[in-house]
Structures are given as structure tokens and as C-alpha cells.
Amino acid sequence: MKKRSSTFYLLMVPVLLWLIMLIVIPHLDLFFKSFRFENDDGLVVFSLNNYLAFFEDKIYWLTFVKTAVYSIGVTILAFVVTFPVAFYLTKIISKKYSSFMVLLLLIPIWIGELVTIYGWMILLGDRGVINNFLIKIGVIDTPIVMLYNNFSMTIGLLYMSMLFMIIPMMSALESLDDSLIEAASDLGASKWTIFRQIIIPYATPGIASGGIIVFMLVIGDYVAPNILGGKSALWFTEQIYNEFLATFNWNEGAAFGFLLLLLSSAIIWLALKLTGQKLEKVGS
Amino acid sequence: MSYVLEIKDVTKRFGDFTAVNSVSFNVEDGGFFSILGGSGCGKTTLLRMIAGFEQETEGDILVRGESMRGIPPEKRPVNIVFQNLALFPMMNVEKNVAFGLQRQKLPKPDVESRVTEMLERVGLVGFEKKKVTELSGGQRQRVAIARSLVLRPSILLLDEPLGALDRKLREHMKVELKLLQKEIGTTFIYITHDQSEALVMSDMVAVMNQGRFEQLDTPKNLYKNPATSFVAGFVGESNEFNITTYSDGVLETENGCKLKKPGLDFEPKKLFMRPEAFILNPSADLTDIERIKMSVRTILFDGSNTKISAIIDQSQDEVLISLPQNAQFEDLKEGDTVVVGIDYDDLKCYRG
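One line per chain: the protein sequences are B and A, in this order. Numbering-wise, the numbering used here puts 238 at position 237 of the first sequence, and it's gapless, one number per residue. Numbering-wise, the numbering used here puts 392 at position 278 of the second sequence, and it's gapless, one number per residue.
Because the hints were derived from the structure by calculation, they are not lab data. Bear in mind the structure is a predicted one, so any value in this text is a computation, not a measurement. Built from N, CA and C at the ideal position, the CB exists for glycine as well. Careful: at least some of the hints might be erroneous.
Across the chosen pairs, the derived CB separations fall in these ranges [stated by the list, open to error]:
hint, chain 1, residue 1, chain 2, residue 2, range
1, A, 347, B, 191, 44 to 50 Å
2, B, 24, A, 226, 50 to 56 Å
3, B, 100, A, 326, 26 to 32 Å
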């Protein structure tokens, strides 16, 4: 074994402190909590009741499944919306304009999620900008309900997460040599084939890492589902929030937290398997 | 004689800049045709117009008698091998080569048999499943050529594909490309800035400068009889002099060296002499040669390509002279005085 210098150990301290105090200990604590249960005699015992409660109550696992499906949906939507933008910024306009445009795109992040969400409320409300405009030009008579449902929640989730898709995708597309596109077209490929067979496979690592970030942000988001989704659009993080702060059942909340962690890990693992990507490659 | 490619008065302008200026030429079927020129001479633009990536401003391009005007790259019977090869990194060798055939919607067994046949041709059997990133420079080269040739194009365009290889491999690939072209018989149009590549491989070479063709000729003629001073300076090595006066069959260089060159019917401005055109210590009975006295400045030993740098006594001009292959002048050393002869015909004079 090679002898390490004292600097090596000194520099290791912050890393270890971070990992142990901010990641490992809280998770272990929650992990143990999730198996604790107060029985009828008021004694705290080891039990699987917290996890069983999840399966017994329909609302819990329905919300759980909905959260998973919507998170995947928002991730796919984010890709569909941002891909043309990323392609335009990297391949069509010159570099000096594109870096300025990227800065503009990032403005919502500077403002913060909460403010942008309120912005969407102004746009989507019954007396909001969009409804007012549509009534004024005579397309509709009564406002369309766009707020406090799955639609507004999806928009909010998409808006706050899609920028995290665009950056890794742009860096993947930037390294794509234009001559690959020309070569494909020279060999007889149509625009659609070039997109499907050359551009998408080339950008897959970028799409995958952007997809993971977006998916994690969305599945763990609380603000957009809570404010824009209202009562009718339930999100699993809201259930966890309720367990901790409404019913003060921390043990149950810990179990739910772990279920969410398992769910998101499983979906990401599956997505990486399906697209043939490696986590190390995507993460870099 | 039918031509596989006819270029008719093709001009390409980018804004105010004229990249290709009214170029016309024909290429015979089955030949190896090179376009030789320095960077920015318009050769790449010309190639990209033939491939269909650029649209000519004026003129017309005909492939096998059919105008290519308005036909996109994917529909042209022409394929290109890019300078950086542009192999698809996410596909293996086999898939790279099959890519074009699959676009033609050929049945799978046909695709497979043609890919196999092509890989045999370029000597890449057993590499089918390899990633292109795992191949050596020469192998990648062959994949790129196979990927285009498998489509049986009328013309294969090659955009300096040897540029990225190291010298030894480049020498090897030169021979290999020439043999491959002879074997399959497809017309190759090869652009390069390397005159040795053009001379070794081609049947015909066009020398391009500032958007125009300076000369279109066989490699041998190009070397022996350059049509313009640009060609004389660009192709092969040459000693170049500015001529100030010409009278009574005598040239005078700007430094005052007088050389006899009878029979010019124009006012020459430039003089070129090939290093190998000089004869060291010519025998007295040789006629029609000019004899120049020089002293050896230094010997530039380079194996079979050894030269001496000598100073002309009269004018202090420096010239490079090739040494003969035999060991006749082995003990020549710095400071020696020599008489050097050059045939009148080898004094190549140009107007400008």
C-alpha cells in the first residue's frame, strides 16, 4: 500500500464530512425511522407497517404511480421542446449569438422557481392574461379553466426543469461534426434519417444526462405541484410533506421518502438500460 | 469519348469573394483526376459543388451528361470521402459501410453481400464488428472509402483524405489508393495541396490558383513543361529568379547573373531551374548548354535526395543542385569551385 501524504488526508476531511453528515447519517436516520412503528400499547417497535400502509391506502399508491408517469411524461416533453432549440443554438446560428441567447434562456433560473410559478398563475388564471386575450378577440365567451389542474402543473414542472435538459444536450451537439451530417446526406439519407440515425444517437449521452436531471427535479418537486396543481393534481412529494408536517407521522413519511427514492432510482436504471447508456458516461 | 463529369464555366461567389472563377474541364470515365492547389485556392469549394453541398453561382455541372442543377447531395450519383473521414462513431465498421445501401432500401441479403464484398476489396475482413474508434488511421481511411464505393458511384470525390496520416502511412496509402482505383475502375477526383500525392496517383492533374485552373495536364507534362510561373513554382522544387533584362538571347537576373537562353519571343520576367536539371562539371563536348561557375556553400545530405547549395560566382545568387545517385561527387566539400551546366531547354522562362 502506497503511503499517502498528510495533505491527502487533510483534503479528504471536507469530502467525508459532507458525505457522512449531510448524506449518510440523515439517510440512515430516515431508514431506521421508516421501520419504526408505535403499537397500540404506545411502544415503539420494529415493523413493516409504515410500508404496508402505503399499499393499503389506494390514494397513496395511485399518487405514486401518477407521479412516476407524469415525471416520465414531463421528461419526454422537455426533450421534445428543447431539442429544436438546442439544435438551433449549436448548429444553425453563430457561436457569438448563441451564448447570448443561452444567457437569456437562463433568466428564469436567476429569478427562482417560486416567482416564475406565480408568473404562470398570472398567465393561466381565469382572469389571467391568456383568458383575457382570448375573450377580447372573441374566440371564447367564458374563461377556460387552465389553473389548478394537471395541465398547469405539467406546464410549471416543464418550465422549471427544461433548461437543465438544454445545457447537456447543447454540449453533446456542439461536438457533433457537421461533416457527419453532410456525409450521411451524401450517402443518400433524408433529413429525417439523419435526425434519427446520426444526430439522436450521437446526442444520446447528453439527452440521457439531461433527462436524468429533469426527471429527478420533477419527481422531487414540491412547489409546482402544490401551487399550480392545486387540490386536484396530487404529487407524491405532497404526501410526504403531509406525513411530516400535517399528521406529524415522521416514521410513515420516512418510509414514503424511501419509496420515492427507490422509484426514481429504478426508473433511471431502466431508462439507462433501455438506451444502452452507462451511468459513468452520462454522469461525466 | 464520353465524359463522366463535365464542368461548364462554373463560378462560385461568396458575397464579394469569388472562390471559383469560370472553371471548365471534362473528366474521362475511369480516370484518376487530381486538383492540386494551395489552401484557399477554391479546390474544396469546387469539390463541394460537385457533391452538391454548394450551389454554383453560374455555369453547370454534368454527371454522365445529366445536369446536376438543383439535385440535392443525397440524389447525386457522386460520393465523397471527407478530409476528416466523417465516419459515424456510434456505428461499427459494417454498419458504416451498410449505411448508404440501407438508404436505398435494398433487401437485407443484398446489403450484406455487398458489404462483405466491399470489405474484402479494401482488406478489412474480420473487422466488421469493430468500432471505428478502435481502428488505425489507415483502416479508418479504408472504411471511409469502402462506405462510399459500396454505392457504386459514377465518381468518387476525395477531399485530402491522406492529410491526417503520418508520413510513412501516407506514402503507403498513395500506392494503395492508386491500385484500388485501377482495380475497381471508378473515376476518382482527388483534391490535395500535396504535389507528390497528385503526381504519384493521377492520370490527369489540374493545378488551381485563385479560383482558376492554371494548367490541366498529365503529371509528367506538368512537371516537365509547366505552363505558367505559378505551376513551375508550385509543382516540384525549383530555383526561382526574377529576370530584369533580356537582349540578344541573354537573360540577366536581378542580381546580375547573365545566362544564355536563345529564341525567346517574349519579355521574360521569371526564370525557373529544377535542381536535377543541373549537370555538375559537364564534359566539354556538350553543346546547347549554359555553363555557370559556382562555389559550394553547403551540402544538404538527405539520402537519395541529397543536394548542394551553391553560390553563383557572378551574382552571389544561391541555387540548389541535386547530386547524381552515383558516388561520383561524394568528396565534394564546402568551398569547392564547380562548373555547372544547364540545358537551354531547362531554363524555363515566364512572362510573370
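> When the hints from earlier in the document are held up against this structure, which numbers fail?
Replying inline: The structure breaks only hint 3.
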